[in-house]
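Trainee: Input sequences plus hints: build the corresponding full structure.
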Amino acid sequence: MSDAQQKYNVENAKSQMRKGFLEFPVLLIIGAKVTYAPDILKQLKEANLLVVEGTLYPLLSRLKRFGLVEYQWQESKSGPPRKMYSITDQGKAVLKQLEASWKSLDSSVNTLIKHYEKSN
Amino acid sequence: MKKVINITLGSIVFAIEQDAYDALSSYLEEIKNNLGNNDDIKEVVDDIESAVAEKFIDRKRSEKVAVTTADVEKVILEMGSPSEFGEVSEGESVSEETNSKESATEIKKRLYRDSDNAVVAGIASGLARYFDIDPVIVRLIFVISIFFNGMGIFVYIILWLVVPIAKTTADKFAMRGESVTLKEISDRVRKNIEDLETTKGLWGKIRNVLESLFKVLGAIFKYLFVAGRYIGGFVLIIGGSLAVAGLVSTYSIVLLSEKTFIPADAQTALDIMLSSSLGILAIASSFIMMLIPLLVLVLVGGSLLAGRNMFTATKSITLAVVWIVAIVLATTTSVLQVQKVLPVIDPERFENGLYEIHVNVDDENIEFETVVTPPVEEDVVSAPPSDAPIDLPMSN
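For the record, the sequence lines run as chains A and B.
Note that this note's numbering numbers the first sequence so that position 77 is 77, with each residue one more than the last.
Plus 120 on top of the position in the second sequence (first one is 1) and you've got this note's numbering.
Since the hints were derived computationally from the structure, they do not count as laboratory data.
Note that the structure is a prediction, hence the values are computed from the model and not measured.
Incorrect hints may appear among the rest.
[As the list claims (entries may be wrong)] Keeping only pairs whose Cα atoms sit at most 27 Å apart, straight-line, the calculated BS3-like set for lysine-lysine is:
(1) B/Lys162 <-> A/Lys77
(2) A/Lys64 <-> B/Lys152
(3) A/Lys83 <-> B/Lys152
(4) A/Lys42 <-> B/Lys162
(5) A/Lys45 <-> B/Lys180
(6) A/Lys83 <-> B/Lys180
(7) A/Lys83 <-> B/Lys194
(8) A/Lys45 <-> B/Lys194
(9) A/Lys64 <-> A/Lys45
(10) B/Lys194 <-> A/Lys14
(11) B/Lys152 <-> A/Lys42
(12) A/Lys45 <-> A/Lys14
(13) A/Lys83 <-> A/Lys42
(14) A/Lys77 <-> B/Lys180
(15) A/Lys45 <-> B/Lys152
(16) B/Lys194 <-> A/Lys77
(17) B/Lys180 <-> A/Lys42
(18) A/Lys83 <-> B/Lys162
(19) B/Lys152 <-> A/Lys14
(20) B/Lys194 <-> A/Lys42
(21) B/Lys162 <-> A/Lys64
(22) B/Lys184 <-> A/Lys77
Mentor: Printed below as a string of structure tokens:
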């Protein structure tokens with residue numbers, strides 16, 4: 001029971017980490033190039049950032065709701081029309097802040113990791 | 121041989137096998153439940169349907185080549201379990217096993233109308249679900265109560281107006297007090313589809329007509345309720361504010377004006393009171409004592425207008441404490457003041473010991489008595505503004 005409980009918490013923590021963090025790479029991808037959901041998914045998978053696709057859709061709608069990204073419809077030859085996402089000025093400003101925050105977070109977490117690894 | 125259904129996903133038409141359809145629709149249904157509070161729920165669901173459509177196209181499915189259960193399973197695997205669709209902060213469980221087993225917490229039972237087992241509008245079976253008893257018993261109670269002044273019909277109609285119908289699968293689970301899992305939903309969806317084909321007929325049509333009639337009545341009822349709320353709130357706020365204004369101006373006229381129209385005795389009493397801090401305290405506390413109930417009226421009106429409770433715990437406690445303190449202060453200080461004022465104004469009666477409860481008040485003296493003793497003043501306020509002088513025994 002206690003084993004199962006512990007495993008559950010770890011899984012949950014990992015999932016929370018991924019979900020909370022995912023907005024940043026998604027903004028980076030959309031910021032680099034106007035793109036649509038399956039393309040974003042492909043890039044996230046290549047970068048090994050995403051396990052399942054379901055997380056992306058609520059995330060995109062949230063980014064849109066806060067005016068960080070916008071989309072335009074584009075006809076597709078093979079399937080349903082595509083929502084082509086692009087970043088807004090507001091999104092760019094947020095992205096800049098996230099980037100700065102990530103860089104400082106990255107260095108401090110790395111310091112902690114090194115410290116931890118040395119102690120073992 | 122399998123039965124095939126035509127569906128559209130992201131405005132593309134697909135043929136889909138019955139089993140695969142059940143699995144897919146329950147999957148989408150559970151995603152919707154997980155999205156819960158998301159404002160853009162419809163848009164997200166549309167996005168997800170388009171994504172599923174693209175995946176089917178990738179697998180060369182179309183109107184000609186039907187989608188199979190294997191296709192749906194593969195897509196669900198790629199898209200992830202419905203719990204993944206929740207918002208970041210919800211702390212949802214992750215894997216599908218934990219979702220269906222460990223997190224199967226007790227969910228709150230709610231009262232719905234049970235349209236699946238309805239005879240008229242599903243009130244009886246809904247109530248029966250809620251209290252976990254046989255619907256026959258509830259129906260019997262309703263029928264029997266008709267013979268007692270028709271109470272049952274009245275109650276039934278009210279419930280019909282206010283209790284929502286269990287529309288979605290999640291509502292139906294909430295009605296039964298069960299938590300929702302993927303398998304249960306898929307069982308239910310299948311059962312609903314079977315039911316749909318059997319519950320037509322004349323009675324079904326009559327019920328539909330009644331249902332829409334009551335929907336309209338319910339809307340009117342709701343509208344009237346809201347209108348009543350606004351009117352009540354408005355009246356309370358205006359009335360309360362006017363009363364506060366009246367109270368303030370009465371006090372300021374009595375205390376600050378030239379006092380030409382105040383009887384001499386009253387003037388004497390007022391001067392005695394104002395000359396001691398105890399007297400000022402009596403005046404102030406009696407003012408607060410009357411002000412607070414009026415403020416409460418205004419607050420009640422505000423709550424009705426705003427549609428939310430304006431009485432926070434701290435606000436209520438503060439008001440109550442201040443009010444009680446004011447009452448106690450006003451009573452004690454005015455009793456002391458009476459002892460001080462009466463000997464000056466009415467030495468004779470003071471010696472007879474008659475001042476305590478009643479003071480002889482005739483028409484001109486009403487204002488004077490108001491100032492002297494708040495307990496008496498309450499008598500005056502509550503008494504009708506009568507022309508008849510208040511006669512007391514022993515006074516003449």
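Trainee: Hints first: check each against the structure and report whether it holds.
Mentor: Evaluated hints:
Using a Cα cut-off of 27 Å, the hinted pair B/Lys162 and A/Lys77 holds, with the two alpha carbons roughly 25 Å apart. Between A/Lys64 and B/Lys152 the alpha-carbon distance is near 19 Å, which keeps this suggested pair within the 27 Å criterion. The hinted pair formed by A/Lys83 and B/Lys152 meets the criterion: a straight-line CA distance of about 21 Å does not exceed 27 Å. Between A/Lys42 and B/Lys162 the alpha-carbon distance is near 24 Å, which keeps this suggested pair within the 27 Å criterion.
Of the pairs offered as hints, the one joining A/Lys45 and B/Lys180 holds, with about 23 Å between alpha carbons and a cut-off of 27 Å not exceeded. Restraint check: the Cα-Cα separation between A/Lys83 and B/Lys180 comes to about 22 Å, which is no more than 27 Å; the hinted pair holds. A threshold of 27 Å between alpha carbons decides the hint, and for A/Lys83 with B/Lys194 the separation of about 24 Å falls inside it, so the pair holds. Our distance criterion of 27 Å between C-alpha atoms is met by A/Lys45 and B/Lys194, whose separation comes to about 17 Å.
Of the pairs offered as hints, the one joining A/Lys64 and A/Lys45 holds, with about 22 Å between alpha carbons and a cut-off of 27 Å not exceeded. For the given pair, B/Lys194 sits about 24 Å from A/Lys14 by alpha-carbon distance, which is consistent with the 27 Å threshold. A C-alpha spacing of about 24 Å is found between B/Lys152 and A/Lys42, which places the hinted pair at or below 27 Å, so the restraint holds. Restraint check: the Cα-Cα separation between A/Lys45 and A/Lys14 comes to about 17 Å, which is no more than 27 Å; the hinted pair holds.
Note on A/Lys83 and A/Lys42: the hinted pairing holds, with a Cα-Cα distance of about 16 Å set against a maximum of 27 Å. Of the pairs offered as hints, the one joining A/Lys77 and B/Lys180 holds, with about 14 Å between alpha carbons and a cut-off of 27 Å not exceeded. In summary, the hint linking A/Lys45 to B/Lys152 is supported, as the alpha carbons are separated by about 25 Å, within the 27 Å threshold. The hinted pair formed by B/Lys194 and A/Lys77 meets the criterion: a straight-line CA distance of about 24 Å does not exceed 27 Å.
Taking the CA atoms of B/Lys180 and A/Lys42, the gap is about 20 Å. The hint holds against a cut of 27 Å. For the given pair, A/Lys83 sits about 15 Å from B/Lys162 by alpha-carbon distance, which is consistent with the 27 Å threshold. Proposed proximity of B/Lys152 and A/Lys14 is supported: the alpha carbons are some 23 Å apart, at most 27 Å. In summary, the hint linking B/Lys194 to A/Lys42 is supported, as the alpha carbons are separated by about 17 Å, within the 27 Å threshold.
At most 27 Å may separate the alpha-carbon atoms for a hinted pair to count; B/Lys162 and A/Lys64 meet this at roughly 14 Å. A hinted pair counts as satisfied when its Cα atoms are at most 27 Å apart, and B/Lys184 with A/Lys77 qualifies at roughly 18 Å.
Violated hints for the displayed structure: none, as all numbered hints are satisfied.
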